[in-house]
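Residue numbers (this note's numbering), protein chains in the order written: chain A, 524 to 1504; chain B, -12 to 429.
Only true hints are included.
Label-pair restraints from in silico Cβ distances:
1. A:1328 <-> B:277: 19 to 29 Å
2. B:80 <-> A:1433: 36 to 46 Å
3. A:1266 <-> B:286: 27 to 37 Å
4. A:1268 <-> B:18: 39 to 49 Å
5. B:286 <-> A:1323: 40 to 50 Å
6. B:80 <-> A:1075: 25 to 35 Å
7. A:977 <-> B:312: 51 to 61 Å
8. B:277 <-> A:1335: 21 to 31 Å
9. B:18 <-> A:548: 45 to 55 Å
10. A:1322 <-> B:292: 33 to 43 Å
11. A:1463 <-> B:286: 46 to 56 Å
12. A:548 <-> B:174: 51 to 61 Å
13. A:1323 <-> B:312: 30 to 40 Å
14. A:1433 <-> B:277: 45 to 55 Å
Since the hints were derived computationally from the structure, they do not count as laboratory data.
Every residue, glycine too, gets a C-beta built ideally from N, C-alpha and C.
Each chain is listed here by its residues.
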Amino acid sequence: MAYRIGLDIGSTTIKCVVLDESGTVLYQSYERHLAKVTEKAVGLLKLIDEEIIKGVPAKIVITGSAGLGVSQSSGVEFVQEVYATQVCMKERIPDADVVIELGGEDAKILFLTGGTEVRMNGSCAGGTGAFIDQMATLLGVTSEELDTLSEDAEKIYTIASRCGVFAKSDIQPLLNQGARKSDIASSIFQCVVNQTIGGLSQGREIEGKVVFLGGPLTFLKGLRKRFVETLNLGENAVFPENAQYYIALGAAYYAGTLQPVLLQDVLEKIKNAKPAKRDSSVAPLFASEEEYRGFCERHGKAGVRYLPLADYAGDAYLGIDAGSTTTKIVLVSPEGDILYQSYTSNSGNPVPLVKAALEEIYSQSGGRVLVRAAASTGYGEELIKNAFHIDFGVVETIAHFTAAQYFNPDVDFIIDIGGQDIKCFKIRGGAIDSIMLNEACSSGCGSFIETFAHALGFKAEKFAKFGLFAEHPVDLGSRCTVFMNSSVKQAQKDGATVGDIAAGLAVSVVKNALYKVIRANSTKELGEHIVVQGGTFLNDAVLRAFEREVGTEVVRPSIAGLMGAYGAALYAKARAGERSTVLTLEELQNFTHTVSVTTCNGCTNHCKLTINRFADGGRYISGNKCEKPLGVKQEEGGYNAFRYKYDYLHSLRAVSGPRGKIGIPMGLNMYENLPFWHAFFTELGFEVVLSPHSDRALYEKGQHTIPSDTVCYPAKLLHGHVEALLDQGIQTIFYPCMSYNFDEGLSDNNYNCPVVAYYPEVIGANIRRLSEITFIKDYLGLHRRHDFTKKAHAVFSQYFSVSKEEIRKASKKAYDAYEAYRQMLYAYGRTVLKDAKQNDKMVLVLAGRPYHIDPEINHGIDLLARSFGVSILTEDCLTVRSSKRKAGVLNQWTYHARLYAAAHYVGSHDDRIQLVQLVSFGCGLDAITGDEVREILESYGKIYTQIKIDEVTNLGAVKIRLRSLFAYLDANKLAKEKKTR
Amino acid sequence: MAELKYDKTGRLLFTKEMKREYQILMPQMLPIHFELIKNVLRLHGYNVTLLKGTDSESIRRQGLENVHNDTCYPALLVIGQMLDALKSGKYDLNKTVLVITQTGGGCRASNYIHLLRKGLKRSGLEQIPVISVNLSGLEKNPGFKMTLKLIRQLAMSAMYGDILMLLQNQVRPYEIIDGDAARLTDRWVEKLSDEFKSGGALNQKAMRAHFKEIVKDFAAVPVRGEQKVRVGIVGEIYVKYAPLGNNNLEEFLLSEQAEVVVPGLMDFIIFKIDNRIEDYKLYGGKRPVRFFARKLMSYVLHCQQIMIDAVRAEPKFYCPKGYLHLKELVKGYVGYGAKMGEGWLLTAEMLELIADGVNNIVCTQPFGCLPNHVVGKGMIRGIKTKHPDANIVAIDYDPGATKVNQENRIKLMLAVAKAKAAEEKEAVKTVEKRNAEAPETV
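The task is simple: from the sequences and hints, build the whole structure.
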């Protein structure tokens, strides 16, 4: 037997193991390859050949997600990495039942006993090593420090476990609100655990002897702890020593079956291999240095004057933009000259940075400068406003618009790419007309480039420079971060240089903004006077890619990264009084800031509150979904159709009857059809038992049986509802399949969406315990009342003895109850509209699906909207008064038809009624309805606002949208008043 | 030049005059089938051109720019392919019409045609009419009629496609002379298309005879080698069939030394017809609709049976047992009411593959495909419970998904498949060995 070599080339690291004839490990190594896959592999092989095996032929196998390319060029056999793991287990831990392996970008579970099964994370799931790295960067620590931090954790926050981007938007607000880093660290690990279990177990229990492998699980104790605790493993958790080498080891074992080769030959082959032709690449950003210089000159013109603060005396205005990853502070003179500026990475907490900046301003100005007013904006707007007694808070969109106008009064399109957000808005008639923010799924913006630069071992600035003159920038597609990660992996495999990747990322960020967020297809649509801003545009590669992509020259102010703060300062200037309320130097000296966390028990939401306390006794509470914990009384008056409907449905009482209990899971269609089924079964003598109110815990209860991780959150929740009913000991559960919904005469057909229609099939096939009880999931059609009795009788008599007459009577009751419910909603709609008219109040139609009224699904958007003093209606309170209209799309879904009808209704009425569309992430149909609703509203000259909702509980982005909407309406109203005057 | 006429709702119509003057562009999905279908349409006086554009980069770009990015990937590709063709300068934009299928079901796919129109509008090509091909009576056009004869002949051309695809897949991995099977397929497509011109080959008698010859021809291709690992492909219809949609999945599997098994198109067509009958059973409905559906279904079933009989006659070929068998298999898994997208048929196809010993399956879907949450990914657990040996991998396709990730997952499935195959071979050997040794010990 000869030497056996296993080479494991993963997405971020390269691992190698050399075994001798007896199976003793002669050599092992583990290092990051920083995208230089081939070089590293060659280096390793050379070393092994010269130092370890000394030119003797050896059996060698390559494995790992980035190893394929090297395998192809070297002619060395490739083995799939999960399979290698399996081989290794057979040798090392033959009695293992389950293997959980986390790698740089992959997460895998192997079930070894009881039917071998292997699972890898889908393409939309990132809770892995790279994700942890990203999160650590976000907190400004290394992964090791993150691990240490997690030791002191006191509590765990809910962080969406779907993918890195989602989690990021949960963590960011926590950071900005001042939550403890150690708690966040632990929460990050917990979210990786949830992701692994939820995403990969798919209905199979993780039990028996569980072996944990891979880098993150080897190095991060905190992560291990979370796994062991969550899975309740105790002694059954195995963390083998040198676990990070196990895949390479498995490959080495596998190599035993092959013929030995000379490593020199292998190296020779790699050397002679032609670099693989890449599938796709784009043109270089700059052809020459000259071109670049011209470009720089042109953009150098959009500048601001600077006056040294030390020489200045007079009035000044302060603007603070506490962004997601950076804090920007600007002090301007009445003429708009910058007296002071700072742009710092906030490492998760902007408060000390602002304090330091203020102290510096005070010390430099030496009492000669009077701050007349100050304004804060950005994610941390309220925290900063409360901490430092800032005069005004301004929504980010308005701040950016104000700044852009300074540079180009004719500006009609602004695009801002920041660390976390992409914001675009069109300007029409001097007001912000339409706003586009990136949805949670594409928010991989500036901080993504930065994280990537770090991962490859460079500073962001240097990384950007590499890209400028790269010869073959890679085409990385235009989707979210996780996909880009894999695209980069592919590019690495194909031998792309760091520069090619840097340039590719720049192009990708731009495409993401244009095609994903703005969805533009020509520059004409954007506008003639485009101003670009946000820190990401300071990257010349991004700016160049943008101009190239839109085919026009744009204005990038020299202070592109400071525009929010600059705009806030100008905003403050326009509203300044005699003197700002901002803390004085003296007050600053006594300033302290402490943070604690608690759970609000004001309602079933159980918000995790973060309480910031300041030296002057001031407090700032965040994490709340409503105003309750703030001690503010809810504004009197106004209506909330979300609450009204939700309370009504949950008030439907169970009446005990001779036929016993029947359980109904409260999700999806049941939010529409419950009045029907409740009356139907009550009349038949069943006690109708509803599943409990949804919350995160309920979701987690059912998480392990979800087979498709990209289905919408409302559907995922159903697993928890059914589990809860089973826990209650319910013996009969009713959840019917329904291709069709009620026909309301608004559309050409009356379909449900495929998920709503057939989710009972998924529940039936994936929740094992259902086989022990009666689960009624038959196909029923409420749309053909005439046939219903006969068809329903055939269905139900399979399960219990019932006469046709009984069914007929029950269905009459049911149809009546449903009709009464609909009429009740219409009446409510009329009341709300009348009230609004009489009291000149605003009505917001939160238009989505019936199940969007579930607080766990909407995360309290209705309450947030109510806090602006508006009444809330839903689309189904309106539709009776609209008639069927032609839609630009095939209008054949009952729920969609209501959306279109509601849009027509709102469109044809005055500005007191507005529509905001709620869309569940993953709802493919809403890709169609969203465009259509937008077109309808815009045809009436109304603004369209869409809010995407998912597991993410962060309402920050929602707030921005709603505030921008109201700001727009205010501006509109002002403009109209001016006109009439 | 033909006058532009609109219906009451403002939809641009395809007129009889246009039928004479216009060139009809048809998107690609199943290369063999669609070539034949194109020729049937030509026989009926439609000047059809089948789009062959395979520059996936430019097609994808057209799609991304003109279709909502969250819409499913097939829509993006189909529409991208058509817009890409229109903008290629090869066609007279005042004498071109597009054709697209519309299932009329509860899936997003029914809306492709509207998304296509939006894309045309965005591109300033509003003068181009779009013909909807459907059996639901949606969007009628004076210049295009789904006559009974056309439907019958389309069904027959699809049958020819199915048998050619079925046999080519079984011969190709083993052919001694590279390209033999593909050349034979091409020859048959050419021969049939030739006959179609004069209306030949499009009756059951001719079909029966041709099927026999096709089977004989494929059986005569010289082959060699051991049985390779067989891998079934199921999924959303476009990404299952179209190389453009699935990153050349079949070629990849072949290069990995697998034999590909792809269920035919005919089952899908019968499924869509049968849905009318099932709907009637479940909810009640109009009798004439059911009557028509039953007639059509029994006709198509008969055609399918002719094919099955022809292939069965040659023992070396594998042949699925047909639609009714599929329907029987899926009982206890998904209800017949699940009809949107591929509906229960998708689950049934996986079950049939497993029942026929093809345990290794790639279940393809566009990223976020709604019906596949249910009938694809949603049913894998149930299938595995009853068939622990099933080795199914679900692969998502979209413009951002990278080939390397997809292939890595497929490779994992293949590694498991090959290990299993080796194990079985070993087991067979041991038994043989024991049998061989047995007499000596006696």
